[in-house]
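J.: So you can see what is in the structure, the chains are spelled out below.
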Amino acid sequence: MRVIGSLDGKSNVCNRILDRSEGDPERSGGCGQCLQPAVQPCLNVEEIRMPTRLKWVALVASTPLLVTACQDAGSDGTASGESPANAPVATTECASKGELTMWERSGGNKQMVDQLVAAWNAKNPDCAIKLTYIPHTEMVGKIAQGIASGEVPDLMGMDLIYAPQFEKAQQLVDLTDRISSWPELETASQGHKTVATMNNRLYGVPLYADVSALFYNKDLFTKAGLDPNKPPTSLAEMREYADKITALGGDVKGYYLPGNCAGCNIFTVGPLMWASGAKIEAAGPGDEPLVGDGVKQVLQFTRDMVKAGNVHPGDRTENGETFHLQFGSGKVGMMGTGNFNITLARQQNPSMKFGIALLPGMTAGSSASFIGGDLVVVPKGSKRVDDAVNVMKFLLSDDVQVEVYAKALNLTTRSDMVDNKYFKAEPLVQDVAKALDVGRTPYTTSFFEQINSPQGPWLKMLQRAYYTNDNLDTVIADAKEAMKSIADQG
Amino acid sequence: MHRSRRDRFIGIAYLTPALVFVLAFTAYPLGRMIWISLNNWSLITPPRYVGLANYQRAFSDHQFWVSLIFTLKYTALITPALIVGGYLLALLTAPNLRLRRYTRTVVFIPVVIGLGVSSLLWYWLFSTDFGLVNRILMDLGLIHEPVLWLGVDADRSNLAISISVIWKVIGFGMVLFVGAIQAIPTEITEASMVDGASYWQRVLRVTLPLTLRTILLVTLVSVIGSLLAFDQFYIMTAGQPQNETATSVFYVYLNSFPYLKLGYGAALSTILAVTILAVTVLQLLLTRRSHS
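Sequences listed follow chains Z and C, in order.
Following this note's numbering, the numbering of the first sequence begins with 1 at its first residue and continues without gaps.
Following this note's numbering, the numbering of the second sequence begins with 1001 at its first residue and continues without gaps.
Keep in mind the hints are simulated off the structure, nothing from the lab.
Ideal placement from N, C-alpha and C gives every residue a C-beta, glycine not left out.
Honestly, I wouldn't trust all of these hints.
Which residues of chain Z face chain C? A partial, calculated answer using Cβ under 8 Å [stated by the list, open to error]:
{"hint": "1", "residue": "V140"}
{"hint": "2", "residue": "R346"}
{"hint": "3", "residue": "Q455"}
Sequences and hints are given; from them, build the entire structure.
T.: Encoded structure:
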């Protein structure tokens, strides 16, 4: 007879003992999971057989040891596996055997995440990742429910803008002492690192990066008498070029504005404001949102674009469902979109020639970009922190950066990996990668409510600016009040 | 005496499964919801007791009232359409002839489709660029450019969503009405015919009064269903434009899950539940009075 029937069974027994010893549900849950060193001896005796009576004697005898170990490891309040003193050196291989569970949001980057996971699984079949996709719009709620019920994966991909919310709630494993000294992190996407950090503690590494840029249709530029190699460098030039392209007639429009999509607009219109010197979101209670002349200037610019007929009327209903298909239609002269659109546009319209420039601001030469994407984080309660850290090490490794990210023409998450053979063969990726240098990521614990929600003040402000004649000062003041109120509620 | 106590015990024993079910799936969740409404809870942090603060906040929340009024407006629009439409269809298809049975089946089919699926279907049918609705209207020469059905104008969105829901739900009322109409003894109908009543006189003086209870049932189901509308608005407009088509339940969902304000969401739910209860009681009282 086995001491403990299975690997999972043994872990559970250990955890139960530890949980009883602690009393505090939060502490005991964390301790039970964190005590990999304490659990480990149990794992090693999996194959040892002994009589039932001896099993119980051994179990009872080992209880004080386990309890002591639990109290020691959990004394700093960290979850299991977090204890840096006991943490093994990170590698790109398995730290232990058994399937790793991972959650990731569904969306346009699924193909790339699948490739990354396939690369890990090919190298580490003993601790293969079992990936579960969760609908993008349900990700926050799903993670929250998982945390509340204690049913969390070993690691997860998280939309980077939501990371501060979970860091603040102390629901992610603090990885500072395990990973902050990695040389790979020095060149990792700054936007990702910013939102992965709270109070100088680091909670994750980049999984993938999305950056926004201005895509322009060279064929339409040529037809409109514009130089296809000279994209606009200011909002005034954008307006001028859009007028000329719209004048071509038919279904062709000079510009594109997704009228019903908050996320698309922070991704593509937000940078126009940043490049014009404005600040958008309230970082926290008491912070002032929508600061700077750039907010009003960009709202006026977009309103003028709509009124001039440079935007297709149907764009008003765009809620993000078909956003990624618009540029590839060949009927849009210029459009703010993301690096993911390079491949999509090629697939949709192989003969279309297009270029990529940085999203400009009011002043010629100013530019900005939204760095979006996902982080890999470890939720509190993960039973496989060591393995999760190794997955992070793997994702940041030179080989994966070039042979998985770059090979599939996805942005590398390390800036020193941009200079690779695959990007050299594809100038458009090099162009879009320049956005990483001017990009930023909003940092707030209430990003969804302030900005990303279809019912939030950000989209309401934009819609009033685009489609009504309301006074822009009033529009901005209303949005400012609503955003402040949300931020003040914490 | 002894026997009476034993009988009572047996009666309670018979009732126990139902009681347990009601306690587990109605009373406990309701109590839990009320408890949550007295707390601020984000799911990722421990709940914090705030008393009635969430209720106070709800009554001063402009969007909550916008949502509630829109929900009542939607209910007022769709309920008569479902009742009158369903009843007319029932009158048309009540006789058990082959073609009428076939018509009943066709009208009823959408009822078995999920509301989410049908909403998605209609979302694309109403699409500005790809939708069949605009295409047909343009081909018929009724419009010259595509209409922006969803998410731009609240009334137009309400109309479009109501059309989709009527298509989906009208068969349910129709089937109940058909059952009620077929249950009317033929002697009564024949007697009124002998008395020289016309078709519409028979409908108004015989059929309608004898199917009043079913009409009440369908009205009640329709009103409650409309007050709880969520899927169709979540999928087809997501509350747009500017939250004008956000229904009460949609607003509850928004606060509870995406915004992670479970306490506030529970308070809104409680207020909505009380509102529905009040509307239902009022409806029952009015009907009972008219019936007596």
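J.: Now, for every hint given, state plainly whether the structure supports it.
T.: Evaluation of the provided hints:
A distance limit of 8 Å between C-beta atoms decides the matter here; for V140/Z the minimum to chain C is near 6 Å, and the interface restraint holds. With a cut of 8 Å, the hint placing R346/Z at the interface with chain C is violated, because the nearest CB-to-CB distance is about 22 Å. With a cut of 8 Å, the hint placing Q455/Z at the interface with chain C holds, because the nearest CB-to-CB distance is about 5 Å.
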